[in-house]
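Chemist: Sequence:
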Amino acid sequence: GRIDLEKIAGMSYHEGRMELMRIKGVGEKITDCVMLFSYGKMESFPVDVWVRRTMQKIYFKSKKVNDAEIQKFARDYWDGYAGYAQQYIFWYGRNR
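The opening position of the sequence shown corresponds to residue 15 in my numbering, with each subsequent residue numbered one higher.
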(Lines of atoms letter the chains of each structure in order from A and count residues from 1; the text may use other names and numbers.)
(Lines give C-alpha, C1' and ligand atoms only; values in the text may rest on other atoms or scores of the structure.)
Protein backbone atom coordinates (compact mmCIF):
# COMPACT_ATOMS: atom_id res chain seq x y z
CA GLY A 1 0.00 0.00 0.00
CA ARG A 2 0.87 3.62 -0.34
CA ILE A 3 2.04 5.79 2.51
CA ASP A 4 0.64 9.30 2.78
CA LEU A 5 3.59 11.34 4.05
CA GLU A 6 1.41 14.41 4.64
CA LYS A 7 -0.97 12.40 6.81
CA ILE A 8 1.92 11.37 9.05
CA ALA A 9 2.32 15.01 10.12
CA GLY A 10 -1.00 14.76 11.97
CA MET A 11 -0.22 11.45 13.62
CA SER A 12 1.25 10.90 17.04
CA TYR A 13 4.96 10.11 17.22
CA HIS A 14 4.30 6.39 17.71
CA GLU A 15 1.69 6.17 14.93
CA GLY A 16 3.90 8.06 12.47
CA ARG A 17 6.90 5.95 13.38
CA MET A 18 4.99 2.72 12.73
CA GLU A 19 3.70 4.07 9.41
CA LEU A 20 7.19 5.01 8.22
CA MET A 21 8.60 1.63 9.24
CA ARG A 22 6.29 0.03 6.68
CA ILE A 23 8.65 1.37 4.00
CA LYS A 24 11.05 -1.38 2.94
CA GLY A 25 14.60 -0.64 4.06
CA VAL A 26 13.62 2.06 6.56
CA GLY A 27 14.68 1.15 10.08
CA GLU A 28 14.36 2.66 13.50
CA LYS A 29 17.15 5.24 13.27
CA ILE A 30 16.01 6.66 9.93
CA THR A 31 12.40 6.67 11.10
CA ASP A 32 13.38 8.59 14.24
CA CYS A 33 15.43 11.06 12.19
CA VAL A 34 12.48 11.69 9.85
CA MET A 35 10.08 12.08 12.78
CA LEU A 36 12.41 14.57 14.47
CA PHE A 37 13.80 16.59 11.57
CA SER A 38 10.89 16.48 9.10
CA TYR A 39 7.87 16.31 11.36
CA GLY A 40 9.23 18.10 14.44
CA LYS A 41 8.29 15.29 16.83
CA MET A 42 10.48 16.28 19.78
CA GLU A 43 9.89 13.01 21.61
CA SER A 44 11.92 11.32 18.88
CA PHE A 45 15.44 10.36 19.96
CA PRO A 46 17.51 8.94 17.07
CA VAL A 47 20.32 6.72 18.35
CA ASP A 48 23.50 6.30 16.34
CA VAL A 49 26.97 5.23 17.44
CA TRP A 50 27.83 8.71 18.81
CA VAL A 51 24.64 9.07 20.79
CA ARG A 52 24.87 5.47 22.07
CA ARG A 53 28.46 5.85 23.28
CA THR A 54 27.79 9.21 24.93
CA MET A 55 24.58 8.08 26.63
CA GLN A 56 26.18 4.87 27.89
CA LYS A 57 29.13 6.76 29.32
CA ILE A 58 27.27 9.68 30.93
CA TYR A 59 23.88 8.29 31.91
CA PHE A 60 24.46 4.55 32.23
CA LYS A 61 27.92 4.57 33.87
CA SER A 62 29.45 2.76 30.85
CA LYS A 63 26.94 -0.10 31.14
CA LYS A 64 25.98 -1.59 27.77
CA VAL A 65 22.32 -0.93 27.07
CA ASN A 66 20.29 -1.33 23.90
CA ASP A 67 18.88 1.51 21.82
CA ALA A 68 15.32 0.98 23.09
CA GLU A 69 16.50 1.46 26.69
CA ILE A 70 18.38 4.62 25.71
CA GLN A 71 15.32 6.00 23.92
CA LYS A 72 12.99 5.22 26.82
CA PHE A 73 15.38 6.87 29.27
CA ALA A 74 15.66 9.96 27.05
CA ARG A 75 11.90 10.33 26.62
CA ASP A 76 11.30 9.90 30.35
CA TYR A 77 14.19 12.15 31.42
CA TRP A 78 13.72 15.00 28.94
CA ASP A 79 9.97 14.54 28.49
CA GLY A 80 8.89 16.44 25.35
CA TYR A 81 12.40 17.75 24.69
CA ALA A 82 14.28 14.52 23.93
CA GLY A 83 14.84 15.62 20.32
CA TYR A 84 16.64 18.77 21.45
CA ALA A 85 18.73 16.78 23.92
CA GLN A 86 19.67 14.31 21.20
CA GLN A 87 21.20 17.09 19.12
CA TYR A 88 23.40 18.27 21.99
CA ILE A 89 24.43 14.71 22.87
CA PHE A 90 25.28 13.94 19.24
CA TRP A 91 27.38 17.13 18.98
CA TYR A 92 29.15 16.40 22.27
CA GLY A 93 29.88 12.80 21.25
CA ARG A 94 31.35 13.88 17.92
CA ASN A 95 33.35 16.86 19.16
CA ARG A 96 34.71 16.08 22.60
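Calculated directly from the structure, the hints in this document are not laboratory data.
Take the hints with a grain of salt, since some may be wrong.
Stated by the list, open to error - Okay, derived cross-link-like pairs now, DSS-like style, lysine-lysine, Cα gap no bigger than 27 Å in a straight line: (1) K21 to K71; (2) K38 to K77; (3) K71 to K86; (4) K21 to K75; (5) K21 to K78; (6) K43 to K71; (7) K75 to K86; (8) K86 to K38; (9) K75 to K43; (10) K71 to K38; (11) K38 to K21.
To be verified - Derived DEER-like restraints, expressed as beta-carbon distance ranges: (12) I17 to K75: 32 to 42 Å; (13) K75 to S26: 25 to 35 Å; (14) D62 to H28: 12 to 22 Å; (15) C47 to G24: 13 to 23 Å; (16) G15 to Y106: 35 to 45 Å; (17) R67 to D18: 18 to 28 Å; (18) A23 to K78: 12 to 22 Å; (19) E20 to Q70: 13 to 23 Å; (20) R36 to R108: 11 to 21 Å; (21) R110 to V79: 12 to 22 Å; (22) Y106 to G54: 16 to 26 Å; (23) I37 to K75: 35 to 45 Å; (24) G24 to K78: 16 to 26 Å; (25) A23 to S76: 23 to 33 Å.
What you are looking at is a predicted structure, and each value in this text was computed from that prediction instead of being measured.
Note that CB positions come from ideal geometry on N, CA and C, so glycine has one too.
Chemist: Compare the structure with each hint and give your call.
Modeler: Evaluated hints:
no.	hint	result
1	K21 to K71	violated, 38 Å
2	K38 to K77	violated, 32 Å
3	K71 to K86	holds, 16 Å
4	K21 to K75	violated, 40 Å
5	K21 to K78	violated, 37 Å
6	K43 to K71	holds, 20 Å
7	K75 to K86	holds, 17 Å
8	K86 to K38	holds, 25 Å
9	K75 to K43	holds, 23 Å
10	K71 to K38	violated, 33 Å
11	K38 to K21	holds, 19 Å
12	I17 to K75: 32 to 42 Å	holds, 40 Å
13	K75 to S26: 25 to 35 Å	holds, 33 Å
14	D62 to H28: 12 to 22 Å	holds, 21 Å
15	C47 to G24: 13 to 23 Å	holds, 19 Å
16	G15 to Y106: 35 to 45 Å	holds, 40 Å
17	R67 to D18: 18 to 28 Å	violated, 36 Å
18	A23 to K78: 12 to 22 Å	violated, 36 Å
19	E20 to Q70: 13 to 23 Å	violated, 37 Å
20	R36 to R108: 11 to 21 Å	violated, 31 Å
21	R110 to V79: 12 to 22 Å	holds, 20 Å
22	Y106 to G54: 16 to 26 Å	holds, 22 Å
23	I37 to K75: 35 to 45 Å	holds, 37 Å
24	G24 to K78: 16 to 26 Å	violated, 37 Å
25	A23 to S76: 23 to 33 Å	violated, 39 Å
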